[in-house]
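Let chain A serve as the given structure and place chain B on it in line with the hints.
Chains as they are written, first to last, in the working numbering: chain A, 1 to 76; chain B, 1 to 218.
No lab work stands behind these hints, which were simulated from the structure alone.
Keep in mind that a hint or two might mislead.
Label pairs and their in silico Cβ distance ranges [unchecked claim]:
id: 1; chain 1: A; residue 1: 59; chain 2: B; residue 2: 26; range: 20 to 28 Å
id: 2; chain 1: B; residue 1: 104; chain 2: A; residue 2: 59; range: 47 to 55 Å
id: 3; chain 1: A; residue 1: 53; chain 2: B; residue 2: 170; range: 24 to 32 Å
Backbone N, C-alpha and C fix where the C-beta goes; we use that ideal spot for every residue, glycine too.
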Amino acid sequence: MSGNNESGNVVAPTLPPALAQTERLAYSVEEAAELLGVHYFSVYRMIQRGKLRPCRVLRGKLLVPRSELLKLLRVE
Amino acid sequence: MIKRKGQPDREGVAPPALKRMSDTEYAAYFEAFGAIKSDYQALCLIGDKLREVETSARNLGPLDPPVPNTHTELPDSVGDRSPWEVCTSLMRLNRNEVLLCKRVCEHGLEYAVIDHSPVASVYAKVHGPVDVLRTGDNPRQVLRDFLRSERETLELMTNDITANVRLIIAERFPKQDLRRVANEITRLCKKVARLGFSESLTDATTQAQKQSRGMGVG
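Bound-form chain A, shown alone (with noise of 0.2 Å):
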């Protein structure tokens, strides 16, 4: 995004429980909206922008590993 809090002001997110508890490794593109509270389609936009680096795993099918998702919420 080039919006908002882009200005070196690092906001402490509240992560969702399911982010904050889970030993997953990493999410379809439709729970990683959930956790993000955004459309999945959104997601893809991040996807398609470099974002959101996804994995593929078997026959292409694109998963948002957990680690991504923390980068984004800069937890990480």
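Just chain B now, with coordinates in the frame of chain A:
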């Protein structure tokens, strides 16, 4: 009503257009399509909305007055830039709304396509609700670039859906050659996601300038 032939039914499971389907292929088709039904419907919806945006962009009148009651301002906290003024809503997808906005900058007017997320979302709490997708001083070019980018995003989504189809078929019908089924569903998804915009927008510029109706950006 579900038929074995005909056009895809957006509300229900799309009937197969394959000839001489075996019982296994028929079962696999409905199993896989049932699993991605909501994704397929979303694909249809987004494709339809983007085609509407394309039509609106063709009718874009640069001298039109702004649409009344749409002067919502979106703050931009980067530096001392002025806030975005909403010209029009391009599409709404549940929680998110894509907006065409403008603001005054030192060189004149700046236009942007913005993905506006819910203020209370986890994403917005970190990045703010305003996600600027495209900017420029020419609203038609901004929309054109946005639509081109959306086409690529639609392709990404389509590929993800069809990958899911192949996964489902492989899991539920192991060791069977059901490529025809996967290919048919892929064809249907690509068909509804196909967009014919962008290239024709430049040609439409002259015509749009002659018209006084359409999307107003002030």
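These are the hints, each one checked on the structure:
1. 59(A) to 26(B): 20 to 28 Å: 22 Å, holds
2. 104(B) to 59(A): 47 to 55 Å: 50 Å, holds
3. 53(A) to 170(B): 24 to 32 Å: 25 Å, holds
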